[in-house]
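*Asks:* Take these sequences, add in the hints, and give me the full structure.
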Amino acid sequence: MATDNKEKIAVIADSPTCTGFRLAGVDHTYPLSGSEAEGRLSELLSDEGFGIIIVTERMLEGCDWRLKKKVEQTAKPIVVAIPDMGGPIEQEESLAKLIKRALGVDLTKKK
Amino acid sequence: MAETPNPTRMELLKARTRVKLARKGHKLLKQKRDALILEFFKILGKAQDLRSDLNARMKSAYGALAVAQSYHSMQEIEAASMAVKRAPNVHVEVRNIMGVKIPTLEASEPKKLLLARGYSIVGTSAKIDEVADTFEHVLDLIFKLSETENGIRRLIIEIEKTKRRVNSLEYVMIPRLEGQAKLISFRLEEMERDSFVMLKTIKRKLEKNAEEKRKAA
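Residue numbers (this note's numbering), protein chains in the order written: chain A, 1 to 111; chain B, 1001 to 1217.
Hints are computed from structural coordinates only; laboratory data are not their basis.
In this text, a Cβ means the ideal position worked out from N, Cα and C, and glycines have one as well.
Fair warning: there could be bad hints in the mix.
[Stated by the list, open to error] Cross-link-like lysine-lysine pairs, in silico, DSBU-like; alpha carbons within 30 Å at most:
1) B:1059 x A:76
2) B:1144 x A:6
3) B:1032 x B:1127
4) B:1027 x A:97
5) B:1030 x A:97
6) B:1046 x B:1203
7) A:8 x A:100
8) B:1030 x B:1101
9) B:1030 x A:100
10) A:70 x B:1046
11) A:76 x B:1030
12) B:1144 x A:76
13) B:1032 x A:69
14) B:1161 x A:70
15) B:1144 x B:1024
16) A:68 x A:6
17) A:100 x A:76
[To be verified] Partial selection, computed: residues in chain A whose CB lies under 10 Å from chain B:
18) 7
19) 68
20) 72
21) 87
[Claimed, not checked] Covered stretches of chain A, going by a simulated chain B footprint (3 or more residues, C-beta under 8 Å):
22) 23–31
23) 45–59
*Replies:* Following this line, the structure appears as structure tokens:
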């Protein structure tokens, strides 16, 4: 394992998901929910030591809009939303739609 | 027309410089847009289908976890998970493309050998290995996804913004400013003709007066 890779990975999710990621070798898992999770997320966002923060879609959806905005604006750490046990939720603005609006062509369909 | 400026030479000069500035800005923004779109296409190739892939993979990971749970207790799985060590660390760098911050990620494969995982293979069953395996897969996908999806979203938003600016300059601002400049120059020409005619009239009148005086004398 390369030693120069220094940023850590964090998971904020429900506890089974956390367990799963623990099995994959992620050290920093926080099985939290609600305002606790929000607090942790904003804490981690300003932490330089983390490279990726994995959160569940449902959790991110329930967050305060200010926090969501912050999540969108920060490039590092990267916040990745994953589906939780209940499966993925429809995002209000999918990538394909965004692409179509910006470029006028739907690039994701043809390939 | 939004506002009719005073028809003076000063205003004309001002209007012309504004047109020039708008043209320059338009050109720059156009270049920015093109650069952004170029970058966008570069990332797009990588990003394709990663999201749906991740969703499917997550589903199978949760399935594996559920199966493992039915074989073991949650406590057992958790105990095994506590023993897993050596988290795959990552290295995130932020690139700045035309003011859009795009993360790039360097990560080592999260895949581990069975024995390298750290928990006892005697005390656990293959079901737990499966869970670990699928979640490692998921983690790998997340690495790939995080690099592209985030950046692409930001790029698109920026492209849209830039596009709107380019269009508003091209179709609204520049024609309007040009119209203003034209209007001023028309008014100035009109005034010039006006004064020319006036001077002529005055000259004629003066000549007439002078002639009458001469006749009287």
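*Asks:* For every hint, state whether the structure bears it out.
*Replies:* Results of checking the hints against the structure:
1. B:1059 x A:76: With Cα atoms ~27 Å apart, residue 1059 of chain B and residue 76 of chain A stay inside 30 Å; holds.
2. B:1144 x A:6: OK: residue 1144 of chain B and residue 6 of chain A at ~17 Å, within 30 Å.
3. B:1032 x B:1127: Between residue 1032 of chain B and residue 1127 of chain B the Cα gap is close to 52 Å, so the pair fails against 30 Å, i.e. violated.
4. B:1027 x A:97: Cα-Cα ~28 Å, so holds.
5. B:1030 x A:97: holds (23 Å)
6. B:1046 x B:1203: Since the Cα atoms of residue 1046 of chain B and residue 1203 of chain B sit roughly 81 Å apart, the hinted pair is violated (cutoff 30 Å).
7. A:8 x A:100: Violated. Residue 8 of chain A to residue 100 of chain A sits at ~35 Å, over the 30 Å cutoff.
8. B:1030 x B:1101: Cα-Cα ~19 Å, so holds.
9. B:1030 x A:100: holds (19 Å)
10. A:70 x B:1046: At roughly 25 Å apart (the allowed maximum being 30 Å), residue 1046 of chain B and residue 70 of chain A satisfy the hint.
11. A:76 x B:1030: holds (28 Å)
12. B:1144 x A:76: holds (15 Å)
13. B:1032 x A:69: holds (24 Å)
14. B:1161 x A:70: Holds, at roughly 19 Å.
15. B:1144 x B:1024: Cα-Cα ~39 Å, so violated.
16. A:68 x A:6: Within the cut-off at roughly 26 Å; holds.
17. A:100 x A:76: The given pair, whose Cα atoms are some 27 Å apart, holds under the 30 Å limit.
18. 7: Since the shortest Cβ distance to chain B is 5 Å, the answer is holds.
19. 68: violated (13 Å)
20. 72: holds (8 Å)
21. 87: It holds, given that the least Cβ distance between residue 87 of chain A and chain B is near 7 Å, below 10 Å.
22. 23–31: holds (count 6)
23. 45–59: Result for this restraint: holds, n = 3.
Violated hints for the displayed structure, listed by number in ascending order: 3, 6, 7, 15 and 19.
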